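Chemist: Protein chains in written order, with numbering that gives the first Met the number 0: chain P, 0 to 444; chain R, 0 to 444.
Just so you know, these hints were derived from the structure itself, not from any lab.
Quick caveat: nothing in here was measured; it's all calculated off a predicted structure.
One should not assume that every hint holds.
A pair holds if it fits inside one copy or across any two, identical chains being indistinguishable in the list.
Straight-line C-alpha distance at most 30 Å; calculated BS3-like pairs for lysine-lysine [to be verified]:
{"no.": "1", "residue 1": "K190", "residue 2": "K140"}
{"no.": "2", "residue 1": "K190", "residue 2": "K132"}
{"no.": "3", "residue 1": "K57", "residue 2": "K140"}
{"no.": "4", "residue 1": "K57", "residue 2": "K132"}
{"no.": "5", "residue 1": "K190", "residue 2": "K57"}
{"no.": "6", "residue 1": "K245", "residue 2": "K325"}
{"no.": "7", "residue 1": "K325", "residue 2": "K300"}
{"no.": "8", "residue 1": "K239", "residue 2": "K325"}
{"no.": "9", "residue 1": "K140", "residue 2": "K325"}
Protein chains: 2
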Amino acid sequence: MNLNLFIMNAGHHEAAWRHPDTEPHSITDIRYFQRLAQTAEQAKFDSLFLADGLAINKNIKHGAFVGLEPFTLLSALAAVTERIGLIGTVSTTYNEPFHVARKFASLDHISNGRAGWNIVTSGSEFEANNFNKDTHLAHSKRYTRAREFLQVTTSLWDSWEDDAIIIDRASGAFADNGKVHEINHVGDEFKVRGPLNTPRSPQGYPVLVQAGSSEDGKEFAAQYAEAIFTAQQTLAEAQKFYADVKSRLAKYGRHPEQLKILPGICPIIGRTESEAIEKEQELNELTVPEYGLNQLSTMLKMDLFNYPLDGPLPELPGVDEINGNKSRYQLVADLAKRDNLTIRQLIHRLAGGRGHRTFAGTAIQVADQLEEWFTQGGSDGFNVMPPYLPGGLEEFAQHVIPELQRRGLFRTEYAGRTLRDHFGLPRPVNSFSIRSSSTFKEVIV
Amino acid sequence: MNLNLFIMNAGHHEAAWRHPDTEPHSITDIRYFQRLAQTAEQAKFDSLFLADGLAINKNIKHGAFVGLEPFTLLSALAAVTERIGLIGTVSTTYNEPFHVARKFASLDHISNGRAGWNIVTSGSEFEANNFNKDTHLAHSKRYTRAREFLQVTTSLWDSWEDDAIIIDRASGAFADNGKVHEINHVGDEFKVRGPLNTPRSPQGYPVLVQAGSSEDGKEFAAQYAEAIFTAQQTLAEAQKFYADVKSRLAKYGRHPEQLKILPGICPIIGRTESEAIEKEQELNELTVPEYGLNQLSTMLKMDLFNYPLDGPLPELPGVDEINGNKSRYQLVADLAKRDNLTIRQLIHRLAGGRGHRTFAGTAIQVADQLEEWFTQGGSDGFNVMPPYLPGGLEEFAQHVIPELQRRGLFRTEYAGRTLRDHFGLPRPVNSFSIRSSSTFKEVIV
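Same shape as in the complex, but just chain P (with noise of 0.2 Å):
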């Protein structure tokens, strides 16, 4: 079982900056984040991740999603940890392909091979009016630009072959003309030349990571992702994406092994179970509805403000219209029609992971539901969402993970010391390097 760490601020409950064991004063702290990222990987978590956006609305006043930045603090992460993996948030639509080049390939020789990318296309109009653009690009143009960022980026990585450096003082050759490469990539999007000017990294690439479940999203993983983050709130649901995604490899050449499929959990964890569902009523107590529905607004593309708290949704727009998360509000529409939910106890179920699964219960009840979904075809591991930090993450990393390795299902060490080695993927073969050699060689994009 893959486990990664996703990692929030003071929490992923929204209200987990007023819960008081937190330390909402440190989300600019890089300590604070030295010390989450140590007690993960005392407790052998895969890697940890780190969400990202572009911009923020500028009404912040009861929370807002800001702090540091992905490659700087992972970077400051890579200098106090040894083996767990580092996966940053960079989007496709507001950056150029030779800076996330460049800064994956340095992140991963920093980490010694422990980088990953969690690639996303960006959701908001907030995010375009930051970078010279008054629209969003179109949900379909996203992705047509994502793929052939990728096919730049990976392009970039290869520039190097491994044994491109040679370093022989006495003749003064330092590295071998023959073994880096100009890409010459002339696309619709982009036109780069290279060589990349960073060697070849110890993974080759990061591992690739993608959270998009939208028809779009479930494709573009199927040819690039080594791993996906998903929110699935029940076991049936997660099965079926389960086996929707891992069908669609075969196509691209690939083996289902070859993407990790992770739903998220965010575990409420009590010594009983009605003490872990008091501390959920206790959160959720804790939120601002005038917070929960400016969230709820902006994922349903619907100002929710002038409709009755205790009333049900009012009919949503239809699933075409969102240029935005499209599966995420499609989960929420669904969650909300099915259990017949008002909008303040929507805004509740959301409040813990933003529509991933949320479950209260004890350390056992947890990871009895963990290893459910595992071996039941729901999921290869999981994104693990502690409520609030830094509690939520000693709780489950002093309970659920020794509970797990008793069972047999998750490592007591790290056999490996790159990001592929905990997931279990191949170094990529160079491109170049098979085209010198002409020798076919499997490749992973």
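Given chain P, work out where chain R should sit, using these hints.
Modeler: This is chain R only, laid out in the frame that chain P set:
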């Protein structure tokens, strides 16, 4: 006297990687850079600095400027140091201001107020070709863009007032909406709404550094820069440059002390003068003529491969035709003419510092040189460029710095915590706070 350590892979001399005491295999090993940073911090350097470019020529046979990316590298150095400033080079021509503002704010948080930005406009066609462009932006256009880029980034750094975050758990007030601002920048180059999604950092802005010495560069520095790295071969030239740049500040409402002028010096240190000179000759003899010719041809925008190495430089194009580093072009052309150098001699003269001053002598003689320039109106300090690393840094730290300290020219302990403290620079007042308090205060930009 302010001292900045300019770190360049195996050292500044172009043959450094062939020197037996360097570690050229370590150019992607973070531990190597961490050792250098810690050595510099023990020696009480104000800061360390990394140059950067966004392309390499694919001819890397005899050496190349490749390695780690500045933000990731500096952030990993921040994690293992406490006081030394961390200055990274970032181009305004091939970046977006939102990303740059955010990464520097993040680095400044992570380092607790030690970030500096060496603002460059990029100098080569090679770089354009990695970013969707066939041709490089003209020199003056690059500076026009740089000015607007600075307007945007400084506004974004101001978009969070210092006391915007409240975190009142009882009332649910996370931040004060009145203290987080959209910037709504609309200009010729950029349209950026803001606010930034990273709160204001310890220094407010990173220390702004500039390294262009052309007319455009000097004027830009006078308006924005707080430190300037410059190549000056003689005291007379340094004095002229110093007086020129400092005299330009008044028109932007700035005081001369608000800009530190730091000429480069590549010190080759021996126990005796003759040992130092021998060292220099040894290094020069390790240079590969083909590499030097390539560098010189690029710098002068002229193919020199068909001219005899031991003959004079041919007639050069005029400086107006140079769309790159204009001042460096002029310096090299003047140097060759003044000292009547053959091509080979010029290559050797440039091998240590690429146009920066090289000086071979004892530690006392080096200290004498620094003292003379510093006390005679040639500089506020120096950009120290060890010819080979780590040895050249260790020699400077062990022998030159104690001598400067004995003379009362350099600190024996850090007095402050931030890079602004070390340089004696004020923390920028937030332009939004000024507006909201209706009180005029001095602002840096």
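Chemist: If a hint holds in the structure, say so; if it doesn't, say that too.
Modeler: Results of checking the hints against the structure:
no.: 1; hint: K190 x K140; verdict: both (17 Å within a copy, 22 Å between copies)
no.: 2; hint: K190 x K132; verdict: both (20 Å within a copy, 7 Å between copies)
no.: 3; hint: K57 x K140; verdict: within (27 Å within a copy, 33 Å between copies)
no.: 4; hint: K57 x K132; verdict: within (18 Å within a copy, 34 Å between copies)
no.: 5; hint: K190 x K57; verdict: between (35 Å within a copy, 17 Å between copies)
no.: 6; hint: K245 x K325; verdict: within (20 Å within a copy, 56 Å between copies)
no.: 7; hint: K325 x K300; verdict: within (11 Å within a copy, 52 Å between copies)
no.: 8; hint: K239 x K325; verdict: within (17 Å within a copy, 62 Å between copies)
no.: 9; hint: K140 x K325; verdict: within (14 Å within a copy, 41 Å between copies)
Checked against the numbered hints given earlier, this structure breaks none of them.
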